[in-house]
Amino acid sequence: MHSTASDRAAAAVAAGTDADRTPLSATADNGLKIVIVGGFGVGKTTMVRSVSEIRPLNTEETMTRAGVGVDDPTGVEGKTTTTVAFDFGRITVNDSAVLYLFGAPGQERFWFLWDRLFSGTLGAVVLVDTRRLDDSWYAIDRLEAHGMPFIVAHNDFGGDRHTAAQIREALDLSPEVPLVSCDARDRESSKAVLIALVDHLYDLSTRDAVPVQETAEMAP
Amino acid sequence: MKRLGPDDAPDRLYTVTGGRSRSADDRTLDLVTLIVSECDPTPGMQSEHARILTLCRRPTAVVEISAELRMPVSVIRILLSDLLDRGQVTARHPRVRETAQLPDADLLKEVLDALHRL
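Residue numbers (this note's numbering), protein chains in the order written: chain P, 1 to 220; chain R, 1 to 118.
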């Protein structure tokens, strides 16, 4: 993905203002990640900006692949370098832990990168726009395949009339995946989305902590 | 002399990295690995190395270094491997490394508290 002129301008501003950087605690030693995945224009950057303690930054990762690009849906051979741009923000958790939020494009052609880019991610928010639900199917499918916990957040800017049941059905979402509505422009609303995700992770982690019980019925 | 800018990145990045395309630390430096300087920049040091040492006087994530220096993460990893080899920076790796490996409930609780405080 190529950076737009506005991206470059924003990056230039960020690059020229080192003095504005809010440094982390000297004892910070544990970086955490949450990914916000969604199609183009769905509000990923807006959500990162709403909750980040730093002005969102933008950077890119280049990936070089050997051989024919089997993952390349365009089938173009010989193209071995792919660049993906992404935004990120930051939330300090405590003196040790710091949470990074990444806004990442969820379209099919970017997913071969995620294994490496986002290994160790706590969980993901799939940000959806009911005008373009198609963009979300692939992301949801891949997150499920990777066993990465996620919730779906419906960015309801402009008073969308779709009900949760309609969205759940359209996305073929399993009942255990939380679905929330939000306005990514609103800090409190975006906060609530992240809280819903971490609540979900907390539930999963405490559920997993329960010792697996041998099923008595299986005994002879 | 041609003025270097973001649009001629490939040539510039080739020079910055001495033509290397990957580093031994490729697999170990996560986007959120925190880098900390162990010394000050010295005269004559490659300017990118000097900038990293200045930036990382306080812990700074690999991805933030990338954004601040306006260079792709892969290039930053190579520059960092030089500094790590010389002991000029140290790396604080994230404790959660695998996908689908949930951190302990206590840490998640702290994250929740931090989000509520926002």
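A portion of the hints provided could be inaccurate.
[As the list claims (entries may be wrong)] From the structure, some residues in chain P lie toward chain R, with a derived Cβ separation under 8 Å:
| no. | residue |
| --- | --- |
| 1 | Asp29 |
| 2 | Thr62 |
| 3 | Thr206 |
[What the hints assert, rightly or not] Think about it this way: if two alpha-carbon atoms lie no more than 25 Å apart in a straight line, the pair counts; the simulated DMTMM-like pairs of lysine to aspartate or glutamate are:
| no. | chain 1 | residue 1 | chain 2 | residue 2 |
| --- | --- | --- | --- | --- |
| 4 | R | Lys109 | P | Asp172 |
| 5 | P | Lys191 | R | Asp82 |
| 6 | R | Lys109 | P | Glu176 |
| 7 | P | Lys191 | R | Glu110 |
| 8 | P | Lys191 | P | Glu144 |
| 9 | P | Lys191 | R | Asp106 |
| 10 | R | Lys109 | P | Asp29 |
| 11 | P | Lys191 | P | Asp203 |
| 12 | P | Lys191 | P | Asp95 |
| 13 | R | Lys109 | P | Asp203 |
| 14 | P | Lys191 | P | Glu53 |
| 15 | R | Lys109 | P | Asp95 |
| 16 | P | Lys191 | P | Asp156 |
| 17 | R | Lys109 | P | Asp199 |
| 18 | P | Lys191 | R | Asp113 |
| 19 | R | Lys109 | P | Asp156 |
| 20 | P | Lys191 | P | Glu176 |
| 21 | R | Lys109 | P | Asp134 |
The set of hints was computed from the structure by calculation and includes no laboratory data.
Beta carbons are placed, not taken as given, at the ideal position from N, Cα and C, and that holds for glycine.
For the hint on Thr206 (chain P), just tell me whether its beta-carbon gets within less than 8 Å of chain R. holds (5 Å)
Need the status of pair Lys109 (chain R), Asp134 (chain P): alpha-carbon distance at most 25 Å? It is violated: about 34 Å lies between the C-alpha atoms, which goes past 25 Å.
Taking the closest Cβ pair, is Asp29 (chain P) under 8 Å from chain R? holds (4 Å)
Checking one constraint from the list: CA of Lys191 (chain P) to CA of Glu53 (chain P), max 25 Å. Satisfied? holds (12 Å)
Please verify whether Lys109 (chain R) and Asp203 (chain P) have alpha carbons no more than 25 Å apart. holds (11 Å)
Is the straight-line distance between the alpha-carbon of Lys191 (chain P) and that of Asp95 (chain P) 25 Å or less? holds (21 Å)
Hint consistency between Lys191 (chain P) and Glu176 (chain P) [alpha-carbon to alpha-carbon, up to 25 Å]: Holds, at about 21 Å.
Using Cβ atoms only, decide whether Thr62 (chain P) comes closer than 8 Å to chain R, and label the hint accordingly. holds (5 Å)
Please work out if Lys191 (chain P) and Asp82 (chain R) have their alpha carbons no farther apart than 25 Å. Measuring from Cα to Cα gives roughly 39 Å; hence the hint is violated.
Starting from Lys191 (chain P), check that the Cα of Glu110 (chain R) is at most 25 Å away, please. This hinted pair holds, its Cα atoms lying about 15 Å apart.
Please work out if Lys191 (chain P) and Glu144 (chain P) have their alpha carbons no farther apart than 25 Å. holds (24 Å)
Pair hint Lys191 (chain P) and Asp106 (chain R), alpha-carbon separation not exceeding 25 Å: Answer holds: Lys191 (chain P) to Asp106 (chain R) is near 20 Å, not above 25 Å.
When the structure is compared with the earlier hints, violations turn up for hints 4, 5, 19, 21 and for no others.
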